[in-house]
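As they're listed, the protein sequences go chains A and B. Numbering-wise, numbering that gives the first Met the number 0 puts 3 at position 4 of the first sequence, and it's gapless, one number per residue. Numbering-wise, numbering that gives the first Met the number 0 puts 124 at position 125 of the second sequence, and it's gapless, one number per residue.
There could be a bad hint or two in this list.
Claimed, not checked - Rough simulated footprint, nothing fancy, chain A against chain B, three-plus residues with beta-carbon under 8 angstroms:
| id | region |
| --- | --- |
| 1 | 134–143 |
| 2 | 224–237 |
| 3 | 245–256 |
If you're looking for bench data, these hints aren't it; they were derived computationally from the structure. This structure is a prediction, so every number in the text was calculated from the model and none was measured. Ideal placement from N, C-alpha and C gives every residue a C-beta, glycine not left out.
Number of protein chains: 2
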Amino acid sequence: MISTNNPRIKLIRKLRDRKERQQTGLFYIEGLRIVAEALQTGAQIEYLVIAPGLLSSPFGKQLLQSEAARSILVIEVSDETFLGFSNKDGPQGLGAVVKQKWATLDQIRKRSATWVALDAVQDPGNLGTILRTLDSVGGAGVILLDQATDPYDPSSVRASMGAVFSQLLIKTSLQEFAAWNHANPIPVVGTSGTAQLDYHQVKYPFPSILLMGSERQGLLDQHLKICDMIVKIPMIGRSDSLNLAIATAIVLYEMFNQQRV
Amino acid sequence: MISTNNPRIKLIRKLRDRKERQQTGLFYIEGLRIVAEALQTGAQIEYLVIAPGLLSSPFGKQLLQSEAARSILVIEVSDETFLGFSNKDGPQGLGAVVKQKWATLDQIRKRSATWVALDAVQDPGNLGTILRTLDSVGGAGVILLDQATDPYDPSSVRASMGAVFSQLLIKTSLQEFAAWNHANPIPVVGTSGTAQLDYHQVKYPFPSILLMGSERQGLLDQHLKICDMIVKIPMIGRSDSLNLAIATAIVLYEMFNQQRV
Numbered sequence: 000m001i002s003t004n005n006p007r008i009k010l011i012r013k014l015r016d017r018k019e020r021q022q023t024g025l026f027y028i029e030g031l032r033i034v035a036e037a038l039q040t041g042a043q044i045e046y047l048v049i050a051p052g053l054l055s056s057p058f059g060k061q062l063l064q065s066e067a068a069r070s071i072l073v074i075e076v077s078d079e080t081f082l083g084f085s086n087k088d089g090p091q092g093l094g095a096v097v098k099q100k101w102a103t104l105d106q107i108r109k110r111s112a113t114w115v116a117l118d119a120v121q122d123p124g125n126l127g128t129i130l131r132t133l134d135s136v137g138g139a140g141v142i143l144l145d146q147a148t149d150p151y152d153p154s155s156v157r158a159s160m161g162a163v164f165s166q167l168l169i170k171t172s173l174q175e176f177a178a179w180n181h182a183n184p185i186p187v188v189g190t191s192g193t194a195q196l197d198y199h200q201v202k203y204p205f206p207s208i209l210l211m212g213s214e215r216q217g218l219l220d221q222h223l224k225i226c227d228m229i230v231k232i233p234m235i236g237r238s239d240s241l242n243l244a245i246a247t248a249i250v251l252y253e254m255f256n257q258q259r260v
Numbered sequence: 000m001i002s003t004n005n006p007r008i009k010l011i012r013k014l015r016d017r018k019e020r021q022q023t024g025l026f027y028i029e030g031l032r033i034v035a036e037a038l039q040t041g042a043q044i045e046y047l048v049i050a051p052g053l054l055s056s057p058f059g060k061q062l063l064q065s066e067a068a069r070s071i072l073v074i075e076v077s078d079e080t081f082l083g084f085s086n087k088d089g090p091q092g093l094g095a096v097v098k099q100k101w102a103t104l105d106q107i108r109k110r111s112a113t114w115v116a117l118d119a120v121q122d123p124g125n126l127g128t129i130l131r132t133l134d135s136v137g138g139a140g141v142i143l144l145d146q147a148t149d150p151y152d153p154s155s156v157r158a159s160m161g162a163v164f165s166q167l168l169i170k171t172s173l174q175e176f177a178a179w180n181h182a183n184p185i186p187v188v189g190t191s192g193t194a195q196l197d198y199h200q201v202k203y204p205f206p207s208i209l210l211m212g213s214e215r216q217g218l219l220d221q222h223l224k225i226c227d228m229i230v231k232i233p234m235i236g237r238s239d240s241l242n243l244a245i246a247t248a249i250v251l252y253e254m255f256n257q258q259r260v
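For reference, chain A alone in the conformation it holds in the complex (with noise of 0.2 angstroms):
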């Protein structure tokens, strides 16, 4: 057994925090679902890291043993030492230091699938929702616009339920996705409380990208021109706004039902 001092146990603890995860590379998953996907999906994983007394499930077991996981250093810690830097409420006994993967713009071309841009996201448990929804529709990933929250923060991670391994992640700034999808002119699709085009009433062109305004501002001027449509949410309550991760959803099932008439 390996003590809490060890620098692969301490990394856990230090990936909580945006910065470090930034300057790694790197990010720590926990729970045995969220584990068998990374290593169903083939994400990079560092080591995996497993607290034996509390990894009683024989599926956990399973998961050591299969093909994928043999050739990953295992970590064997005390179940203290793994309470110790676990972020869950009902610990499993098994995480892993998984390396991130980005990809580029021009990965956008090579999946014909709906691809959702994001301006400045702040909330990453949104984040993650949208994943996990877009993962559900058959979507290729997310694009993030200037100052978005991290895909790799613990809650986003969690929210996604595994889809932060399924989905591309691509950061850029909206200038670049500007200039690149001039060049490249696949469809954008915005969305705005001002907008005249009702976002059940229109037909979308497939592929398409999903352009969707941050929490507290919506889209701005800006994000609007560089779009190829812009439709409106219906609202007929006291409020003026939907959660930004249930308009994404409400959008983005409205195409696919339109793609599997």
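Starting from the known structure of chain A, arrange chain B on it as the hints suggest.
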């Protein structure tokens, strides 16, 4: 100025605790927008609490002079005292202790609109987000079945963006709800991953009650038994489920789209 030891100020801190909210039937809200919503919807406000040094916005000052606020007790505290109990990152110097409002099953017949029934919803953020979405589609309210989280939890109130005031809230058991529904046959629509009907290819009755399962288990047999129609939301990704608030929103907007044709 009154001090931190004042019982009304002490109560604000205590109201973070569910037990205290249950025993007193009160909850605490903070911020200009949500307090404005409470005033505008006629919520029963026990007292307002203000920190003059933090309350710089003209909108906040107008609020306090409004007709609705005039007869309400206002407690002034120092900025320091306010920051001591504030839940917010950017405290705006205005809060309120508000009386909870609960509706009963017999009110369902009086509001010919969509209702959502939630079995044992666990996450207050999900519950608040569902209230917010329901407000947007002109829904009536939420029926909380069995061991549900508290709609007056600060995370739920925050996520609801004020809809906790405009939507009716009913707390009951599955058994009572089933008995009531038997005598008052308003159609119940359930969702399940194993249903035959595609949610997008059915015609929904109006009004109806959308019944959603908990985050962990979905709808159980005893819930499916009381449904008049069970639909599934198709998914083609790696994941076999959507976030609860997302799944609810997708069906709510489909119902809403049919209503507004």
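Report holds or violated for chain A covering the region 245–256 of chain B, Cβ cut-off 8 angstroms, minimum 3 residues. It holds, with 6 qualifying residues against the three required.
Quick one: see if chain A covers the region 134–143 of chain B, three-plus residues with Cβ-Cβ under 8 angstroms. holds (count 5)
Claimed coverage, the region 224–237 of chain B by chain A - three or more beta carbons nearer than 8 angstroms: Holds: 6 residues of the region 224–237 of chain B have a Cβ under 8 angstroms from chain A.
Every hint from the earlier list agrees with this structure, and none is contradicted.
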